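**Student:** Here are the chains, one letter per residue:
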Amino acid sequence: MISAGIDVGAKNVKVLIQEDGKVLGKGSVLAGLDMGADIKEAFDAAFKDAGIARDKVEKLYATGAGRNEVKDADDSYTEVGADAAGVAYLYPEARTVIDVGAEEGRAIRVDERGKVVDFAINERCAAGAGAFTEAMARALEMPLEELGKISLTSTKAVPMNAQCAVFGESEVVSLIHQKTEKRDIARAVHDAMATRITSMARRVGVQPEVALIGGVAKNVGFVESLERDLELEVMIPDDPEFVSALGAALLAAGIAK
Amino acid sequence: MKANYGYKDGSGEFFITLDTDRCTACGDCVEACPYGVLEVVDDPVDPLSDVQVAVVTEAERKKIKYTCGPCKPVVDRPPLPCMTACPEDVIAHSW
Amino acid sequence: MAEDTNSKEYWRWTESNWRDPDIDWKAGEIISVGIDVGSVSSQAVILVDGKLYAYSNMRTGSDSPKSAENAMDWALEGTGMTQDDIHYVVGTGYGRVNVPFAKRAITEIACHARGANFMYGPTIKTVLDMGGQDCKAIRVDQKGKVVAFLMNDKCAAGTGRGMEVFANLLGIHITEVGEMSLRVEEEPPMVSSTCVVFAKSEASGLLREGWPKEKVLAAYCLAMAHRVVDLLERLGVEEDFAITGGIGKNVGVVSRIEKELGIKALKPTLDTQIAGALGGALFARALEQKGRKSK
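Chains as they are written, first to last, in my numbering: chain R, 1 to 257; chain E, 1001 to 1095; chain P, 2001 to 2295.
I should point out that these hints are in silico values taken from the structure, not numbers from a laboratory. All clues given are correct.
Partial selection, computed: residues in chain R whose CB lies under 7 Å from chain E:
1. Asp-118
2. Ala-120
3. Glu-123
4. Arg-124
5. Cys-125
6. Gln-163
7. Arg-196
8. Ser-199
9. Arg-202
10. Arg-203
11. Val-204
Derived Cβ-Cβ restraints for the label pairs, each shown as a range:
12. R:Thr-155 - P:Thr-2123: 56 to 66 Å
13. P:Lys-2066 - R:Ala-37: 51 to 61 Å
14. E:Ser-1094 - R:Gly-36: 36 to 46 Å
Pairs of lysine-lysine residues, derived as BS3-like cross-links and limited to a Cα-Cα distance of at most 27 Å, are as follows:
15. R:Lys-179 - P:Lys-2066
16. R:Lys-218 - P:Lys-2200
17. E:Lys-1002 - P:Lys-2145
18. P:Lys-2264 - E:Lys-1002
19. R:Lys-115 - E:Lys-1072
20. P:Lys-2143 - E:Lys-1002
21. R:Lys-218 - R:Lys-11
22. R:Lys-257 - R:Lys-59
23. R:Lys-26 - R:Lys-59
24. R:Lys-115 - R:Lys-26
25. R:Lys-56 - R:Lys-40
26. R:Lys-22 - R:Lys-257
27. P:Lys-2290 - P:Lys-2103
28. R:Lys-11 - P:Lys-2215
29. R:Lys-156 - R:Lys-182
30. R:Lys-26 - R:Lys-71
31. R:Lys-22 - R:Lys-11
32. P:Lys-2213 - R:Lys-11
33. R:Lys-71 - R:Lys-257
34. P:Lys-2103 - P:Lys-2051
35. R:Lys-182 - R:Lys-218
36. P:Lys-2215 - P:Lys-2264
37. P:Lys-2200 - P:Lys-2215
38. R:Lys-11 - P:Lys-2200
39. R:Lys-26 - R:Lys-11
40. P:Lys-2145 - P:Lys-2125
Since the structure is predicted, the reported quantities are computational estimates derived from the model, not experimental observations. Idealized CB from N, CA, C, for every residue including glycine.
With the rest of the complex left out, here is chain R (with noise of 0.2 Å):
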């Protein structure tokens, strides 16, 4: 059967087409101001990707924060179960799924089945996803890729006090002030953002395997930082921004339940 899913996210809306289990197309735009049509963007993106005509999709279902925005959607899932589905397909031995998104994180304890045991989230602070990354890269004048990068030739831990995003980019330019190296100041922007995410995960317990999704993902410097701080390897797939979208697809598919 051929199914999408549609993650509608804080900044991006993401959709995923597949069949029977087989990934056929993506799509991902900004969201800005006009829910409806960043909806429709990302539809449209992800049928050309696909190659196949909208009438074909015979089920959708919805997730992310704006999930109810999708009125034609067949039905929708929580961030949680749609994450946890997509993980399970991609990593059946991942026990511990840990998502961090643009304005959100969260932890989830998933058993042999895939079915969620427990989980914890941080949203409504900046402080505890993607949002402070980004915000740290502003205050360093360098993209988000860079500040990953060069976080990984860091020689030197340096202490970020600062818990808070605003607070952060005034924290952030008084190192450049001090004459501290920007490598430096990435790494101990990951390392702050690490710790954070580990101890959100050691409230479900963390048991491996552990899988890593979300846009956060990406950013090279952080998982070397959670890698650290977990002291065990993540396994990331290789578009962990599509996880939710995916885990939506397979659940209007019936492939996962």
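Assemble the complex: chain R is given as a structure, and chains E and P must be docked to it using the hints.
**Tutor:** Only chains E and P this time, still in chain R's reference frame:
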């Protein structure tokens, strides 16, 4: 005195309240906390006295939601070590 | 002094100093000083035998010791007094351990409580201090001793820094925010995000929707007021009630806090930003007296 250490941010309220009038500065909570959140010092808000009280360390005040996290699992939450250790019932957590 | 020369620096408020010309400090027995080095502003207060003699209020620079010196020098300006004439200096605030000439560092909570007791008299019971990078709520007894407190310095919401982010976003001067936010016919719904980062995106959205600046500011001042009232309720509010700190000068926030609490804040008789330094100077006097007695 009720000393509230911690914060409120978008994600919620996270305060450790210490009733310093009952605190005897015995230090049992300091020993019990696995993460070094508490310490016994000269009362920081009563500079003219020589009384010692338990406080949340300066380094931890802005991150107790995270530091205390492992003692607060989502399910099957056990009693908190700091609260259990205190003989005078000084400590309360808001979350 | 630093004047408002750069029109893009919307955060700049007027720095000031003041002196009571009727006091002859040379006749004083104890000259005590409190220096409050905050994250955003620094103040120095000079007391002569427990009477307010002079003070200064300026922006904190990148270097705490230098900021303390600057505040001290400016408070001394025109007095003929030098640092050698001062008997005891207490440092307080975020940079309190970096005040070079201080004999003792005392926490902001203790100093604000004591300062408010002096400013407003013994009937003051609840003090809300809204500073540049923190927000404090303090319950005090009639002697200015702390009964209960909380301090929120983790999160920028409810602090001057949060307001600066909004002033910058809208391109208006920080001192105009309050008045401007009151120029709405009716109160809009408040900005729903507490987090300043998310509130800023929310406000950008409202501006794109065509909301006038006044309405956006009203929505933010309301949110800030609601947030601090929430915090205050952890301690309980008992009259007399006062608001100190930089945001204490923002009528848009103050009037909305009063409305939500159903309580009027006492009108300040002095610059509310000096409360911490004033408390520090009062402790300095007490400590000097204690020291002289034990000799």
